[in-house]
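Protein chains: 2
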Amino acid sequence: MSEAVCAAIDWGTTRFRAWLLDAAGEPVAERRSDEGMSALKREQFAGVLEMHLAAMGAGASLPVVICGMAGSRQGWLEAPYVDAPARFDQIFASAVAVPGVRREVRIVPGIAERDPSRPDVMRGEETQLAGIAATEGGGALLVCMPGTHCKWVELAGDTVTGFTTWMTGELYSVLSQHSILRHAVGGAPVRITADGPVFLDWLEDGLTHPADAASRLFRIRASTLLTGMEPAQAAAALSGLLIGSEVGSARALFGTGRKTVLVGSGQLGALYGEALRRAGFNASPVDGDKVVRAGLAEAARRNFGGTAGRNA
Amino acid sequence: MSEAVCAAIDWGTTRFRAWLLDAAGEPVAERRSDEGMSALKREQFAGVLEMHLAAMGAGASLPVVICGMAGSRQGWLEAPYVDAPARFDQIFASAVAVPGVRREVRIVPGIAERDPSRPDVMRGEETQLAGIAATEGGGALLVCMPGTHCKWVELAGDTVTGFTTWMTGELYSVLSQHSILRHAVGGAPVRITADGPVFLDWLEDGLTHPADAASRLFRIRASTLLTGMEPAQAAAALSGLLIGSEVGSARALFGTGRKTVLVGSGQLGALYGEALRRAGFNASPVDGDKVVRAGLAEAARRNFGGTAGRNA
Numbered sequence: 006m007s008e009a010v011c012a013a014i015d016w017g018t019t020r021f022r023a024w025l026l027d028a029a030g031e032p033v034a035e036r037r038s039d040e041g042m043s044a045l046k047r048e049q050f051a052g053v054l055e056m057h058l059a060a061m062g063a064g065a066s067l068p069v070v071i072c073g074m075a076g077s078r079q080g081w082l083e084a085p086y087v088d089a090p091a092r093f094d095q096i097f098a099s100a101v102a103v104p105g106v107r108r109e110v111r112i113v114p115g116i117a118e119r120d121p122s123r124p125d126v127m128r129g130e131e132t133q134l135a136g137i138a139a140t141e142g143g144g145a146l147l148v149c150m151p152g153t154h155c156k157w158v159e160l161a162g163d164t165v166t167g168f169t170t171w172m173t174g175e176l177y178s179v180l181s182q183h184s185i186l187r188h189a190v191g192g193a194p195v196r197i198t199a200d201g202p203v204f205l206d207w208l209e210d211g212l213t214h215p216a217d218a219a220s221r222l223f224r225i226r227a228s229t230l231l232t233g234m235e236p237a238q239a240a241a242a243l244s245g246l247l248i249g250s251e252v253g254s255a256r257a258l259f260g261t262g263r264k265t266v267l268v269g270s271g272q273l274g275a276l277y278g279e280a281l282r283r284a285g286f287n288a289s290p291v292d293g294d295k296v297v298r299a300g301l302a303e304a305a306r307r308n309f310g311g312t313a314g315r316n317a
Numbered sequence: 006m007s008e009a010v011c012a013a014i015d016w017g018t019t020r021f022r023a024w025l026l027d028a029a030g031e032p033v034a035e036r037r038s039d040e041g042m043s044a045l046k047r048e049q050f051a052g053v054l055e056m057h058l059a060a061m062g063a064g065a066s067l068p069v070v071i072c073g074m075a076g077s078r079q080g081w082l083e084a085p086y087v088d089a090p091a092r093f094d095q096i097f098a099s100a101v102a103v104p105g106v107r108r109e110v111r112i113v114p115g116i117a118e119r120d121p122s123r124p125d126v127m128r129g130e131e132t133q134l135a136g137i138a139a140t141e142g143g144g145a146l147l148v149c150m151p152g153t154h155c156k157w158v159e160l161a162g163d164t165v166t167g168f169t170t171w172m173t174g175e176l177y178s179v180l181s182q183h184s185i186l187r188h189a190v191g192g193a194p195v196r197i198t199a200d201g202p203v204f205l206d207w208l209e210d211g212l213t214h215p216a217d218a219a220s221r222l223f224r225i226r227a228s229t230l231l232t233g234m235e236p237a238q239a240a241a242a243l244s245g246l247l248i249g250s251e252v253g254s255a256r257a258l259f260g261t262g263r264k265t266v267l268v269g270s271g272q273l274g275a276l277y278g279e280a281l282r283r284a285g286f287n288a289s290p291v292d293g294d295k296v297v298r299a300g301l302a303e304a305a306r307r308n309f310g311g312t313a314g315r316n317a
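Respectively, the protein sequence lines represent chains P and G.
So that you can map any letter, position 37 of the first sequence is 42 in the numbering used here, and since no number is skipped, the others follow by simple counting.
So that you can map any letter, position 185 of the second sequence is 190 in the numbering used here, and since no number is skipped, the others follow by simple counting.
Think of the hints as simulated: they come from the structure by calculation, not from any bench.
Be aware that one or more of the hints could be misleading.
[Said to hold, decoys possible] Estimated spans, in silico, between C-beta atoms of each pair:
#1 G:P104 / P:A275: 51 to 61 Å
#2 G:R37 / P:A193: 31 to 41 Å
#3 G:Q182 / P:P202: 52 to 62 Å
#4 P:G233 / G:A102: 38 to 48 Å
#5 G:G62 / P:A193: 42 to 52 Å
#6 P:P90 / G:D39: 44 to 54 Å
#7 P:R196 / G:H183: 48 to 58 Å
#8 G:G262 / P:G143: 23 to 33 Å
[Unchecked claim] Some residues of chain G that are not near chain P, with every Cβ distance over 12 Å (derived):
#9 E8
#10 E40
#11 A44
#12 V106
#13 R107
#14 A117
#15 R119
#16 P124
#17 G142
#18 S178
#19 L180
#20 D200
#21 G253
#22 R263
#23 A275
[What the hints assert, rightly or not] Part of the chain P face toward chain G, derived, beta carbon under 7 Å:
#24 R119
#25 D120
#26 S122
#27 P124
#28 W171
#29 Y177
#30 H183
#31 A216
#32 S220
From the three backbone atoms N, C-alpha and C, an ideal C-beta is built for every residue, glycine too.
All chains, full assembly: derive it from the sequences and hints.
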């Protein structure tokens, strides 16, 4: 097994993911847990980190680089946003050192769009984007990053030139849990598949009529009452309508002519892949874990140097 | 005081409103409470009704007509939907008699749109619409009915020809209570005014870009983080964006050329009034209580006759 040169942590709101990376940026150990930012008090972050490092066999002086919501005001230590347009070297040079810990720990900042006509923020995605820029070989890219708050990002070489967030994932969550649609969708988790006819029908509906999403949502409720739509169908309809509306809206903003990358694997990646294809995007999928590791490895090199932090 | 000829009840999901009406349809007594359909078990409806009737001094044989969610499957007794297009005489003739109670009690059914390309339902609004048709003197009307589930209705004389629901009120509620926007909006109730600059800015944004609402929502979160937007401003922004998106979407569907009526008074009516005006609609406001009473009076006349149910 290669020697670890740094620990790389993606510390989000709900999830903690850690790797030890070798000099080539390849993972030599991995840990995942639910100890996300929102589950921790400020004074717990150091202990949780050391516990996972020990479990991976990290040396006492191995340096650590962190991205994600751990760097928010409500997280471990605030890493103030870098303003867009933002270069990756500038972002990584602005990583904040955590004081009073037993090893070097740096937190990568997010990016803020401060144009008052389109204020926006990201935290964590900037590191994935650095990984994408490194592996996709520069040039202009449109990057679709599905999730709770889905980001569409315009990249030019090593610079994030602009980005826009859609609240699609969170809309799915709050509508299916807290609105009248909870009766339609039911409580049980459902596996929605990208080739299901209900998902595809409602996806098309969203793509074609993104301006009418707030009314078409109620058709899911009406379908339950009038035609006995089942919970699994209602979940597929809600997912299709919301993803379709997002992609339809994004298509009108960005067009489909650019080289496009879709971040994500698994079920959600497949749903967005189908949505992008039907909307006319020619998107290449990339694995979210892989690109965040590549970005964190680059952040570690910039902060600790190529050989700094060998696993002593 | 005139003699009551019937009791008229608007029994919704969260609110109970009752009047005793005289032969001219004018209220001679009134009661309001939070004993909505969702707060009651089936066996409680009769007791709640009799308690309020007694408090209003209703005679033992005074007949009662009810509209709203009390007639839903989860309510007191299901009054099956009448299909659109639906005439008011047909709707009122389909009122369902509640068995096993000490007086005549009939529940007005809602309307179902069963066209599979646009399934929709209403319950309670059909009675307000009958009141509007009676007072506005026939002809073609477009009716905007703000609320948790806002309805836009096409009326032709005494017939509901079509309608569409927007989930605007519920979106405001679930987003401000359960999404990340709860941090922006805060917990305290806010009085949003139709001439506030933040409301108007975001209203314009929604009217102009209804397809982008799911992304513009996140700008409220970003504004909190980047420019210190205050909770009262965030609430006004959310309200403006959602109402603007609805009215922008409805304008594209219905056009602004028709004679238009806006149901509602108070704060919400004022916000929608401003939205309709800026969208180019020339809408006349009508009072929701007044038109539901007019509709219930008409339902009582059709069910119990002009002199039936005198307050014996």
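To test your reading of the hints: which numbers does this structure violate?
The structure conflicts with hints 3, 4, 7, 8, 14, 15, 16, 18, 19, 21, 25, 26, 29, although it agrees with all the remaining ones.
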